[in-house]
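> Under numbering that gives the first Met the number 0, think of the first position of the sequence shown as 0, with each following residue one higher.
Calculated from the structure, these hints are not laboratory results.
Computed from a predicted model, the values in this text were never measured in an experiment.
Some clues are possibly wrong.
Said to hold, decoys possible - With a straight-line cut-off of 25 Å between C-alpha atoms, the simulated BS3-like cross-links for lysine-lysine are:
| id | residue 1 | residue 2 |
| --- | --- | --- |
| 1 | K47 | K60 |
| 2 | K151 | K60 |
| 3 | K150 | K47 |
| 4 | K124 | K189 |
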Amino acid sequence: MIAKSKRDITFPYLLLFLCICLGISLLVAVSLGAVKIPIADTYQIIIKQLFHIGNVDHIAKSTIAIIWNMRSPRVIMGLIAGAGLALCGSTMQTTVNNPICEPYILGISAGATFGATLLIILGLKTFIGFGAFLGAIIATIIVLVIASASKKITTTSLVLAGVVVNALFSAISNFIISIGANSDNMMTIKFWTMGSLASSSWESILLPFIIILVACLFFMTQHRIMNAMLMGDEVAITLGISLQKYRMIYMLVISFITGILVSSCGIIGFVGLITPHIARALVGTSHQKMIPISVILGSLFVIWADVLARCLLPNAELPIGIF
């Protein structure tokens, strides 16, 4: 009988602990803000709205509106964004076999920023989300085209292509801003480049929630292939795995997720870079364990970064992207 490693034994307990921390964080984060609301009232409001259980007649209607209509969608969007960014980061680091990679380093977010910036300058603010999504897809396609110029997509070619595309789209975005931005446009561009959850609503979080949930389930089914990627191209080939095909699929899925998230909350950096490393330190490199831990850590990171953005300065809100 093969003895289980210490990490195998501690993983279920760690997962349970982080899930409990996430649940507590959601409740506390909804209670905090410019108007501080008792956690007991927050709990009663949420239970009443979700299950129609309990009595909230003693709570002011304005407080109920703040909790349910303003803060709850915002905190849930933070959960979704953190999970998606952590998922993209952990998957991309494996795809290119580079521990410092994430969508923002490989040019995907720069493409999304370019698409959003262009439509803002053109006055098409209604379609900013679509522009960000399309920009992310275009950037990914360019990265894949450049990386495949040598007939074979390798980790080195992906990283180099990503750096080139990131520099290209960042330069174009800065040029567009310098020649076409006015004060109104600059405020909107600030939202996209520094990140914010302020515009979140119950209607706007539905699509990102579905996309991130499906993506998490998809990548969880890919753990064996991603584990093989960590062993190198030669080992993967002997196992009969076409790394070039899977790299293209994973990059396109990552760009799709990034485009959706950027269109919803702008650019939020470093989550996809940091959380996979913490997850690996806790549970090892097996993606079957690392992905769920990384996703929960990413959600916790963004939720509490947003709390700091709302509460750090009185009568002011900081962009979440600075944390």
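> Next step is simple, just say for each hint if it's right about the structure.
Right, here's what the structure says about each hint:
For the suggested pair K47 and K60, the alpha carbons sit about 13 Å apart, so the restraint of at most 25 Å is met. Proposed proximity of K151 and K60 is contradicted: the alpha carbons are some 61 Å apart, above 25 Å. Distance restraint check for K150 and K47: the Cα-Cα separation of roughly 59 Å exceeds the 25 Å cut-off, and the hinted pair is therefore not satisfied. Between K124 and K189, the direct Cα distance comes to roughly 14 Å. Compliance with the 25 Å bound is thereby established for this hinted pair.
Comparing the model with each earlier hint shows violations of hints 2, 3; every other hint is respected.
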